[in-house]
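Starting from the given sequences, assemble the full structure and let the hints guide the process.
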Amino acid sequence: MIGEDFPAVLAAAQQGDEAAFAALWHDGQPALLRYLHVLAPDTAEDVAAETWTHVVRGLVRFRGTEQNWRAWLFTTARRRVIDQTRQLMRRPATSLEALPDLTLADLQGLRSPDAADLALENLATRAAMGVIASLPPMQAEVIMLRVVAGLDTEAVAQLLGRSPGAIRIAAHRGLHRLASLLAEAGVTR
Amino acid sequence: MTDRGVSDSDMPTFPWQTRPEARALDALLSGNCPPEDAPADLRPVADVLVALQAPPDRREVAGWGQALTVYREIAGGPGMPGRPRSRRPRLIARPLGARFAAAAGATVIAVLGGGVAAAYTGSLPGALQKVAHEVIAAPGARESSAAPTPQSSGHPAGPSVTGPAEYGLCNAYQHAEEHGNAGQSVAFRNLVNAAGGAGKVAAYCASAPHPGATSPPGRRVGQTGSPTDASHGRKPTTPPGKPTAPPGKPTAPPGKPTTPPGKPTTPPGKPTTSPGNGGGNGNGPGKQS
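Residue numbers (my numbering), protein chains in the order written: chain Z, 1 to 189; chain R, 1 to 289.
Certain hints may be false.
Stated by the list, open to error - To spell it out: a stretch of chain Z is covered by chain R in this simulated footprint if at least three of its residues, at any positions, have a beta carbon under 8 Å from a beta carbon of chain R; those stretches are:
#1 125–132
#2 177–186
Said to hold, decoys possible - A few chain Z residues that don't get close to chain R, going by computed Cβ distances all over 12 Å:
#3 85
#4 88
#5 89
#6 136
#7 137
#8 138
Claimed, not checked - Going by beta-carbon spacing under 8 Å, a handful of chain R positions derived as facing chain Z:
#9 44
#10 51
#11 63
#12 66
#13 71
Everything labelled a hint here was simulated from the structure, so no lab data went into it. In this text, all values refer to a predicted model and were calculated from it rather than measured experimentally. Built from N, CA and C at the ideal position, the CB exists for glycine as well.
Encoded structure:
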């Protein structure tokens, strides 16, 4: 998160300031990639790059807080993944309105059970993503959006087209499940 | 079941958990709970969540060169409607080259333009410092002192693509460290992570590739005075709107808009313009939308 400087950084990036854009990118990209790795490990890098291209094109017209910015970034990425999944699965086209109702369950085909192929050097992070990816899709995605994307419950609810209550339940269930998995695996502290 | 729209704190607990537990989970999800403070049975979970947020490693920022190419093409061309002609980075680069800390204010003025900048400078001097460090830091201001090397602008794709940013970050990090605020910025955390720990940053930076030059290692670590960076310094070699094509082929060619930039302000749920903390945001150098 960039924090209180976000308005200034955003404004500068909108003016064409590369350093400001560097700050936005370096702040957003790692989280974006991790989220995408859980959603669609095989195409995470490509989708992230496409996401930034889209975002840069719309950058000058963006107005909002840092939360809005992140929501936009992750929403854009999510749509890319969904589009891609559709293409791959040749599903009948759905209307745009239906988009938010799609969940990770729709992306199962692209999802590898373990995140073993992650291009990450950080082993702890890699392991953490692997265990999150083993959760039920909706729970995994909600946790990634809450924790990694840094979005609050409301924002995640809007992004996924669910109620805040449903998001909170999914997040809590996911954490419970995670606790069980870790306990089973003998991870203690 | 009327949870829709109810804020977290008002939400009922679920049958399968106690209220304190729900609170603990919410705290974990919000990042308000370091693992040590978590209930014992949730500590392993807290550890996993912390690991998820670990600073990025090099590979995770390896796409920077490509992203910058896209940004240059779009920001430098007609793609950014309403954007003033002048290239801001140069304005920034100069004052920074002179003196980092002192340039912080000038930088923002350069970026935002006089009147608006005054508001900013008046209201968040501390923040400015941070912006300058974090933001400007990455791409530094090299051009004032050295002739642009053709290399950097044309090679966003190499392994050193993180180089320019890293290089600037190294300088900024040092500077921030002197002011005791190096730990706060994401960018710096990235750096620390890449280095393998706060104690190793100096060594790491000593070997960080010099943007523009192939590698004069160790040279820049000491010179806080002139943060260097490829993205800015190169401006002269890269005519706006016409970024040199990276040698390797980018996964997402700049020219290929996967989707028309549809109303960015409105993600599906449309958190459009919430007031948020953006005190100064509203009067930014308005691009009339």
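Status of the hints after comparison with the structure:
1. Coverage of the segment 125–132 of chain Z by chain R holds. Counting CB-CB distances below 8 Å, 6 residues qualify, and the rule asks for three or more.
2. Given as covered by chain R, the segment 177–186 of chain Z passes the check, having 4 residues with a CB less than 8 Å from a CB of that chain where 3 are the minimum.
3. Against chain R, the non-interface label of residue 85/Z holds: every CB pair exceeds 12 Å, the least being about 15 Å.
4. The beta carbon of residue 88/Z sits about 15 Å from the closest Cβ of chain R, which is more than 12 Å, so the claim that it is off the interface holds.
5. Every C-beta of chain R lies more than 12 Å from that of residue 89/Z, the closest at about 18 Å, which supports listing it as non-interface.
6. Every CB of chain R lies more than 12 Å from the CB of residue 136/Z, the least distance being 15 Å, so the non-interface label holds.
7. At the 12 Å boundary, the C-beta of residue 137/Z stays outside the reach of chain R, the nearest C-beta of that chain being 16 Å off.
8. With a least beta-carbon separation of about 15 Å from chain R, residue 138/Z lies farther than 12 Å from that chain, consistent with its non-interface assignment.
9. For residue 44/R, the suggested interface contact is upheld, since its CB lies about 4 Å from the closest CB of chain Z, less than 8 Å.
10. Contact between residue 51/R and chain Z, as hinted, is supported at the beta carbon level, the nearest pair being about 4 Å apart and thus within 8 Å.
11. Taken as an interface hint, residue 63/R checks out: its beta carbon lies about 6 Å from the nearest beta carbon of chain Z, inside 8 Å.
12. Look at residue 66/R: its Cβ gets to within about 6 Å of chain Z, closer than 8 Å, so that hint holds up.
13. Because the beta carbon of residue 71/R sits about 5 Å from the nearest beta carbon in chain Z, less than 8 Å, this interface hint is met.
When each numbered hint is compared with the structure, no violation occurs for any of them.
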